[in-house]
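Q: Can you build the whole structure from these sequences, using the hints too?
Okay, here's what each chain looks like letter by letter:
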Amino acid sequence: MIDTETSRHGAPARDADSEPYWAALERHEIVVQQCASCGAHRCPPLPACPVCGATGTRESTAGGDGVVYSWIVVRRPVGTVTAEELPVTFATVEIEHGCRLVGRLLDDDGSRIGAAVRAAFVDHDDWTELAFRSTGGIK
Amino acid sequence: MAGVGYTPFSRRADVSTLELARAACAAALQDAGLTPQDVDGIASFMVMHDSVPTPAVATTLAVPELRVGLDVDLGGQAPCFLVAQAAAAVAAGDAEVVLVYRAMKGRSGPRVGAMEFAGSAGQYRYPIGYSAYLMYIAMWAQRFLHETGQGEADLAAVAMAQRAFAQANERAYRRVPLDLNHYLAAPMVVDPFRSDDCTVEVDGACALVVTSLERARDLPHPPAVIASGGYRAGPRAGLDIGDHLRWEDYTRNYTTWLAPDLFGRAGVTAADVDLAEIYDCFSSTVLMGLEGLGLCGRGESGAFVRSGQTALAGSLPTNTHGGLLAEGYLHGMNTVTEAVLQVQGRGGARQSPRHDVCAVTSGALMDGSALILTRDR
Chain D
244 MIDTETSRHG
254 APARDADSEP
264 YWAALERHEI
274 VVQQCASCGA
284 HRCPPLPACP
294 VCGATGTRES
304 TAGGDGVVYS
314 WIVVRRPVGT
324 VTAEELPVTF
334 ATVEIEHGCR
344 LVGRLLDDDG
354 SRIGAAVRAA
364 FVDHDDWTEL
374 AFRSTGGIK
Chain F
2 MAGVGYTPFS
12 RRADVSTLEL
22 ARAACAAALQ
32 DAGLTPQDVD
42 GIASFMVMHD
52 SVPTPAVATT
62 LAVPELRVGL
72 DVDLGGQAPC
82 FLVAQAAAAV
92 AAGDAEVVLV
102 YRAMKGRSGP
112 RVGAMEFAGS
122 AGQYRYPIGY
132 SAYLMYIAMW
142 AQRFLHETGQ
152 GEADLAAVAM
162 AQRAFAQANE
172 RAYRRVPLDL
182 NHYLAAPMVV
192 DPFRSDDCTV
202 EVDGACALVV
212 TSLERARDLP
222 HPPAVIASGG
232 YRAGPRAGLD
242 IGDHLRWEDY
252 TRNYTTWLAP
262 DLFGRAGVTA
272 ADVDLAEIYD
282 CFSSTVLMGL
292 EGLGLCGRGE
302 SGAFVRSGQT
312 ALAGSLPTNT
322 HGGLLAEGYL
332 HGMNTVTEAV
342 LQVQGRGGAR
352 QSPRHDVCAV
362 TSGALMDGSA
372 LILTRDR
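If you read the protein sequences in the order shown, they are chains D and F.
Residue numbers for the first sequence follow this note's numbering, so the first one is 244 and each next one is one higher.
Residue numbers for the second sequence follow this note's numbering, so the first one is 2 and each next one is one higher.
Since the hints were derived computationally from the structure, they do not count as laboratory data.
Beta carbons: idealized from backbone N, C-alpha and C, even for Gly.
Wrong hints could be hidden among the right ones.
[Stated by the list, open to error] Far from chain D by the CB rule (all over 12 angstroms, computed), these chain F residues:
hint, residue
1, ARG13
2, HIS50
3, LEU67
4, VAL73
5, SER109
6, ALA142
7, MET161
8, GLN168
9, LEU181
10, ASN182
11, SER213
12, PRO261
13, ALA272
14, ARG299
15, SER308
16, GLY346
[As the list claims (entries may be wrong)] Chain D stretches covered by chain F per the calculated footprint, using a threshold of three residues with CB under 8 angstroms from any CB of chain F:
hint, segment
17, 251-259
18, 306-317
19, 322-335
20, 343-350
A: Structure representation (structure tokens):
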């Protein structure tokens, strides 16, 4: 499914570390780094491995399947979320290789901790957002 | 610690943030029986430049000379850490009398909860609207409640117990009694939090005075002795205070990592603690702190609070000022000043009957600090 939307909150402030991640999302892919020394995966990108400190890095692509680790529903305007957006569900999703990312859970069907979700790439004018949709299963 | 000082907590202070800081520090010195001429160290913290730095306060108080000036870019993790650093400076002979303060217009000025924190992790949060500290804490709380088998009645118990304390605290911002029906009647803000689970932001300042035990013994109030203090950032604590993606377990915060060292260095155990002042920007952090410090068992904090153990007549009076939930959000500096008052026996109508050993914490998620305070024995 292709999602397109006007961004409400502005584009991400990309930097040298994150550029490959955002470029991959624009291709509707999730790029994950793997430490060349200890093998630990990491995403979003970091210049070195947070497990062992080594800088040598390989890149691979993660599949779009994930599992909800935790979730919230924003029901009142908080932070930059406006009344028009409510309610908004955000989920912390464990994707392939164990990396966790936060994204909006689109079309929230009440799926909660342990629910199977799949990446939904939302194209904005100048960047692509990683969101998720429930696939109706439990893992 | 020899004394504490406060300004009023209000919706809108009609003085500057500098004057709030000065007034709280002056009040703390007066409380301790000292003057600005005695001060040679000041420590404070601010987030995204929302306060005034220590040399500004030294200048305004007419402190003759500052030997220790410590300004840290930290949030609610800072108060216990700064007190521990002040104590270390005194122990090392770097300073004799150190003020520690927090001054902020947290209600009418910059609101910490809605700040976009500096750091490169913000690019993964702010463009999607994942943009308030409340949301990050809620994300942990949901997992915590799920894994430990606890729920809204447990959060409600925290808010209600602390509101009861606030009724005995004239400084508290929220003093209207809270029962379960009122709690549940309020709409959800961000699951699992209703408005009474959230701190109430205020304008104000508070301060305390750290000096050597020998000197404190000659001052008007009995000293609150710093038996131990420390800071912990657990592994992969992230790039800023809202970056929790690489933290492994959202059901255990920094208190789990800090507790063994904290108690070990103080020479006490969790069983020795008479009362606790647990950082509570949101209700869930009290439950997590009680469990993390081992003051109750894993998954048992809600039942502990519901059974009245954290009330004045319970086995562990907790957040005796009403906490940040009810007294107001002075960013946990008021959590420490309350601990000082309690250990000194100056809690008035909310005084814990037993106050030999007090555990105090600062911070909610990946990193934070804590103190063990004792009476002078």
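Q: Does each hint hold? Answer for all of them.
A: Here is what the structure says about each hint:
no., hint, in the structure
1, ARG13, "holds (21 angstroms)"
2, HIS50, "holds (19 angstroms)"
3, LEU67, "holds (37 angstroms)"
4, VAL73, "holds (23 angstroms)"
5, SER109, "holds (18 angstroms)"
6, ALA142, "violated (9 angstroms)"
7, MET161, "holds (22 angstroms)"
8, GLN168, "holds (27 angstroms)"
9, LEU181, "holds (20 angstroms)"
10, ASN182, "holds (20 angstroms)"
11, SER213, "holds (40 angstroms)"
12, PRO261, "holds (23 angstroms)"
13, ALA272, "holds (32 angstroms)"
14, ARG299, "holds (18 angstroms)"
15, SER308, "holds (27 angstroms)"
16, GLY346, "holds (40 angstroms)"
17, 251-259, "holds (count 8)"
18, 306-317, "holds (count 6)"
19, 322-335, "holds (count 7)"
20, 343-350, "holds (count 5)"
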